[in-house]
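In order, the protein sequences belong to chains A and B.
Each residue of the first sequence is one higher than the last, beginning at 1 in full-length UniProt numbering.
Each residue of the second sequence is one higher than the last, beginning at 1 in full-length UniProt numbering.
It is worth saying that the hints were derived from the structure and are not from the lab.
You may find that some hints are simply not true.
The list treats identical chains as one, so a pair stands whether inside a single copy or across any two.
Claimed, not checked - Each computed DSSO-like pair below joins lysine-lysine, with the alpha-carbon atoms no more than 27 Å apart:
{"no.": "1", "residue 1": "Lys39", "residue 2": "Lys128"}
{"no.": "2", "residue 1": "Lys39", "residue 2": "Lys238"}
{"no.": "3", "residue 1": "Lys128", "residue 2": "Lys211"}
{"no.": "4", "residue 1": "Lys58", "residue 2": "Lys39"}
{"no.": "5", "residue 1": "Lys58", "residue 2": "Lys109"}
{"no.": "6", "residue 1": "Lys105", "residue 2": "Lys211"}
{"no.": "7", "residue 1": "Lys238", "residue 2": "Lys105"}
{"no.": "8", "residue 1": "Lys238", "residue 2": "Lys109"}
{"no.": "9", "residue 1": "Lys128", "residue 2": "Lys105"}
{"no.": "10", "residue 1": "Lys238", "residue 2": "Lys211"}
{"no.": "11", "residue 1": "Lys109", "residue 2": "Lys211"}
{"no.": "12", "residue 1": "Lys105", "residue 2": "Lys39"}
{"no.": "13", "residue 1": "Lys128", "residue 2": "Lys109"}
Number of protein chains: 2
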Amino acid sequence: MLDNIRIVLIETSHSGNIGSAARAMKTMGLRELYLVAPKQGIDQQAIALSAGADDVVKNAVIVTQFEQAISDCSLVIGTSARLRHLQNSLIEPRQCGEIAIQSVKCGEKVAIIFGRERVGLNNEELLKCRYHLTIPANPEYSSLNLAMAVQLVCYELRMAFLQEIPVATIENIVKTTIHLATAQQLEYFFEHTERLYQSLGFIQNQGVMQKLRRLYQRAAVEQNELNILRGMLTAVEKHLDFHKE
Amino acid sequence: MLDNIRIVLIETSHSGNIGSAARAMKTMGLRELYLVAPKQGIDQQAIALSAGADDVVKNAVIVTQFEQAISDCSLVIGTSARLRHLQNSLIEPRQCGEIAIQSVKCGEKVAIIFGRERVGLNNEELLKCRYHLTIPANPEYSSLNLAMAVQLVCYELRMAFLQEIPVATIENIVKTTIHLATAQQLEYFFEHTERLYQSLGFIQNQGVMQKLRRLYQRAAVEQNELNILRGMLTAVEKHLDFHKE
Numbered sequence: 001m002l003d004n005i006r007i008v009l010i011e012t013s014h015s016g017n018i019g020s021a022a023r024a025m026k027t028m029g030l031r032e033l034y035l036v037a038p039k040q041g042i043d044q045q046a047i048a049l050s051a052g053a054d055d056v057v058k059n060a061v062i063v064t065q066f067e068q069a070i071s072d073c074s075l076v077i078g079t080s081a082r083l084r085h086l087q088n089s090l091i092e093p094r095q096c097g098e099i100a101i102q103s104v105k106c107g108e109k110v111a112i113i114f115g116r117e118r119v120g121l122n123n124e125e126l127l128k129c130r131y132h133l134t135i136p137a138n139p140e141y142s143s144l145n146l147a148m149a150v151q152l153v154c155y156e157l158r159m160a161f162l163q164e165i166p167v168a169t170i171e172n173i174v175k176t177t178i179h180l181a182t183a184q185q186l187e188y189f190f191e192h193t194e195r196l197y198q199s200l201g202f203i204q205n206q207g208v209m210q211k212l213r214r215l216y217q218r219a220a221v222e223q224n225e226l227n228i229l230r231g232m233l234t235a236v237e238k239h240l241d242f243h244k245e
Numbered sequence: 001m002l003d004n005i006r007i008v009l010i011e012t013s014h015s016g017n018i019g020s021a022a023r024a025m026k027t028m029g030l031r032e033l034y035l036v037a038p039k040q041g042i043d044q045q046a047i048a049l050s051a052g053a054d055d056v057v058k059n060a061v062i063v064t065q066f067e068q069a070i071s072d073c074s075l076v077i078g079t080s081a082r083l084r085h086l087q088n089s090l091i092e093p094r095q096c097g098e099i100a101i102q103s104v105k106c107g108e109k110v111a112i113i114f115g116r117e118r119v120g121l122n123n124e125e126l127l128k129c130r131y132h133l134t135i136p137a138n139p140e141y142s143s144l145n146l147a148m149a150v151q152l153v154c155y156e157l158r159m160a161f162l163q164e165i166p167v168a169t170i171e172n173i174v175k176t177t178i179h180l181a182t183a184q185q186l187e188y189f190f191e192h193t194e195r196l197y198q199s200l201g202f203i204q205n206q207g208v209m210q211k212l213r214r215l216y217q218r219a220a221v222e223q224n225e226l227n228i229l230r231g232m233l234t235a236v237e238k239h240l241d242f243h244k245e
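Using the sequences plus the hints, can you model the full thing?
Next comes the structure, spelled out in structure tokens:
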């Protein structure tokens, strides 16, 4: 699904930014990169900064005109500052992720456009975008690096993509292999604790046990952890018995 | 509110990454940066890559030990791969943002830890974190640049901060009066536990302490609970001393 989302960089000044953007894309599962009239082509710097994402850089399609990069796309989203005259079409990255994934699911081809490092997209380009994507940055310092912006947007695309997958995640499957202590086992532990620390004179009222119960309930104690906790109680008891003899 | 969230970078190899991370932080409204034993100090490269965020770089606090960077924090979150033995404490950036902002609202000081460029955090460091933050990256290529990871996490912190958090749940209201133990206090407790149970012959290798650390990190131990746990250790010690005499 993410394969149907294209990242387009317009007149990028620094080839390093192309490499970093490619890396950012690939970490989030995107692959399709278009470069419109880059100031520096794909060079050693671009490859170096792409780290293991040199395939994305090498497969990048270089075109001379903006229109060539979007002609086959039915949904075009352009990054932009929070401009007043665009306010009706402004979206943030999270919404962008949701809209793009929905569109792809409906068979659309999506392009997300990132402008020049310093001046972004020009007005003509902005007018070719259905939505205008703005990152809710610190108003006092909103200068995100180009590749950072690509990273954030691709992250939200991936998050929206992952949310569409309802099947049990790997995490849930793995979780079944953890065995939490049963209520009964916890109860034995609490009784054991209370017995021992009463005999030590530390527990003299119910308050302490209530607090300990709350703590260990909250912790969702696993069986192997409970074994350790019980072992600690027994270790203390043994020493007390030893001294009694 | 974002001022009470500290970003900690551990043994960063490249000073450029420090600069880029500072820029990423500032674009999202964060300012407090701690550097633990950076391989390259703050140099021209760090300043250059910070762009307009050189104030964040120049105000960074440099310490030699991890503990110094977290000792006054009551919520410590460490970035990590999706490790099996951490599965109970794994969170993703979005959840991290929500948890951190909730904690800050309750008066807590939060630290988010980013490990070394290649190898991340070591096991000992991971054990000092209550939550383990993992970015849901492309499983086939999950190699995010350090500053990119900082950018994503700070973005989610900002998003959580900007969201009009609706009505505080009862739980949250109650939480405002709760004071969690600091990392330093927890560390004293672990050391105390280890000392005592080694002397009792129960602890003979590192495995037990690692499991206990994981359990108590997960539990988010409150100060009054920690007082009880320490009191229990002392109660045992007193009896041992008594019998010795």
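Results of checking the hints against the structure:
1. Lys39 - Lys128: Within one copy only: 22 Å inside a chain, 47 Å across chains, cut-off 27 Å.
2. Lys39 - Lys238: The answer is neither: 46 Å in one copy and 49 Å across copies each exceed 27 Å.
3. Lys128 - Lys211: both (12 Å within a copy, 23 Å between copies)
4. Lys58 - Lys39: Answer is within: at 17 Å inside a copy they meet the 27 Å cutoff, but 33 Å across does not.
5. Lys58 - Lys109: within (21 Å within a copy, 45 Å between copies)
6. Lys105 - Lys211: between (30 Å within a copy, 24 Å between copies)
7. Lys238 - Lys105: neither (40 Å within a copy, 46 Å between copies)
8. Lys238 - Lys109: neither (35 Å within a copy, 41 Å between copies)
9. Lys128 - Lys105: within (22 Å within a copy, 42 Å between copies)
10. Lys238 - Lys211: For lysine 238 and lysine 211, both the intra-copy (26 Å) and inter-copy (22 Å) Cα distances are at most 27 Å.
11. Lys109 - Lys211: both (25 Å within a copy, 24 Å between copies)
12. Lys105 - Lys39: Close neither inside one copy (34 Å) nor across copies (46 Å); limit 27 Å.
13. Lys128 - Lys109: Answer is within: at 15 Å inside a copy they meet the 27 Å cutoff, but 46 Å across does not.
The structure is inconsistent with the numbered hints 2, 7, 8 and 12, although it conforms to all the rest.
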